[in-house]
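Asker: Last residue of the sequence shown: 315 (the working numbering), numbering continuous.
Bear in mind the hints are in silico, worked out from the structure with no lab data behind them. A couple of the hints might just be wrong.
[Said to hold, decoys possible] In silico SDA-like cross-links for lysine to any residue, where the CA-CA straight-line distance does not exceed 20 Å: (1) 103 / 33; (2) 103 / 124; (3) 46 / 99; (4) 103 / 16; (5) 20 / 54; (6) 22 / 63; (7) 46 / 90; (8) 20 / 69; (9) 103 / 69; (10) 30 / 142; (11) 144 / 105; (12) 22 / 144; (13) 30 / 106; (14) 144 / 267; (15) 30 / 152; (16) 20 / 75; (17) 30 / 43; (18) 103 / 13; (19) 142 / 107; (20) 90 / 152; (21) 20 / 86; (22) 39 / 22; (23) 103 / 18; (24) 103 / 38; (25) 22 / 105; (26) 30 / 104; (27) 103 / 63; (28) 22 / 75; (29) 20 / 51; (30) 46 / 86; (31) 20 / 105; (32) 22 / 142; (33) 46 / 33; (34) 22 / 84; (35) 30 / 129; (36) 90 / 42; (37) 30 / 144; (38) 20 / 95; (39) 20 / 155; (40) 103 / 162.
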Amino acid sequence: MANYQVTASQLTPNTTVHIKGKLTYSRLAKLVDGEDLIKADANRVKNGMSPIGRAHTSVNLSDAEVVFANPAGPTLEETFVNERRYVSSKHADHGQCYSMDNKSTNLPIVAVQNAAGEAEQVILEGDLAAGLEVTLVLRVYKPKGYSNCGLSLDLVLLHEPVRYYNPGVNTGELAARGIIFAAPPKQVSGADVVAAGATSAGEAYAAAESLPANTDAATGLPAPAPAAAAVVATPPVVQPAPAPVAPVAHVAPAAQPVESPEQEIARLRATLAARDAASANSGGDSAFGDAPAEDESPWSDPAKQPVGQGISYSG
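Whenever a hint applies, use it, and build me the whole structure from the sequences.
Answerer: Below, the structure written as structure tokens:
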């Protein structure tokens, strides 16, 4: 058992102690409660420590050093905290360690020190990553009905940008190799992605299943029915028959003059005579001759045209 010079009964309430180090573990974004509290207490008992038994926040430091207000004259409170540093039997490379279980139901304030040296409060989105350099501000308080004083964790001041714990990515190891995240990576559940995808797709299938028939799932408005369905659902409407109009294409041609037998015989004879004349002029071997060139057509020269042959009609 450690032999301490300062006991808890010697502390003065509302005095503060600053201790600086690197995070090895922290639970500051939410209380350790419920199932987490049961597991944490079981782990403490397993390691020979007393269970806490109530909701709390926790923080562990490596390379812990008390920041004395006056190094030449440490206060009793600073000495009390300094004496309670320890060396881990499992992690001797962590140097002097310090652990703090804050039993307040309020979460400690977390702030980041900016370039101007000012503290800016941040609301944590998750547990902080190991390796962050921080300063803990502890305050002495006196519980009612107890002779000994306790310590409360009032502030966690980060001396570098916020990084969050990610079980799948060792950001410290990556940073040592030159891979630095612009924003802390977050573990994403595949189930969450599927659920988010269904929602962003308009909750398409699930929403459509819950809507009435013939409803547009995207707008919730009645959807237009298909054309075929409209014909079936709508009773026929009798329209008055339009007046018949003869299409222009089917207008009967004007009546031609009727030939007498003598006229028809004369026309046929004239046609045969014209063919014979054309065959003789072209010198072709066939009955009708080869088709003449355009400039050799017997009809292009009036002198070559048959005289007194053709179709005539006398009124």
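Asker: All hints are to be evaluated individually against the structure, with a verdict given for each.
Answerer: Here's how the hints hold up against the structure:
no. : hint      : verdict
1   : 103 / 33  : holds (11 Å)
2   : 103 / 124 : holds (19 Å)
3   : 46 / 99   : holds (17 Å)
4   : 103 / 16  : holds (17 Å)
5   : 20 / 54   : violated (26 Å)
6   : 22 / 63   : holds (6 Å)
7   : 46 / 90   : holds (15 Å)
8   : 20 / 69   : holds (13 Å)
9   : 103 / 69  : violated (26 Å)
10  : 30 / 142  : violated (24 Å)
11  : 144 / 105 : holds (16 Å)
12  : 22 / 144  : violated (33 Å)
13  : 30 / 106  : holds (9 Å)
14  : 144 / 267 : violated (141 Å)
15  : 30 / 152  : holds (16 Å)
16  : 20 / 75   : holds (17 Å)
17  : 30 / 43   : holds (19 Å)
18  : 103 / 13  : holds (16 Å)
19  : 142 / 107 : holds (19 Å)
20  : 90 / 152  : violated (27 Å)
21  : 20 / 86   : holds (14 Å)
22  : 39 / 22   : violated (25 Å)
23  : 103 / 18  : holds (18 Å)
24  : 103 / 38  : holds (15 Å)
25  : 22 / 105  : violated (24 Å)
26  : 30 / 104  : holds (12 Å)
27  : 103 / 63  : violated (24 Å)
28  : 22 / 75   : violated (23 Å)
29  : 20 / 51   : violated (26 Å)
30  : 46 / 86   : holds (19 Å)
31  : 20 / 105  : violated (24 Å)
32  : 22 / 142  : violated (28 Å)
33  : 46 / 33   : holds (19 Å)
34  : 22 / 84   : holds (17 Å)
35  : 30 / 129  : holds (15 Å)
36  : 90 / 42   : holds (19 Å)
37  : 30 / 144  : violated (26 Å)
38  : 20 / 95   : holds (13 Å)
39  : 20 / 155  : holds (12 Å)
40  : 103 / 162 : violated (24 Å)
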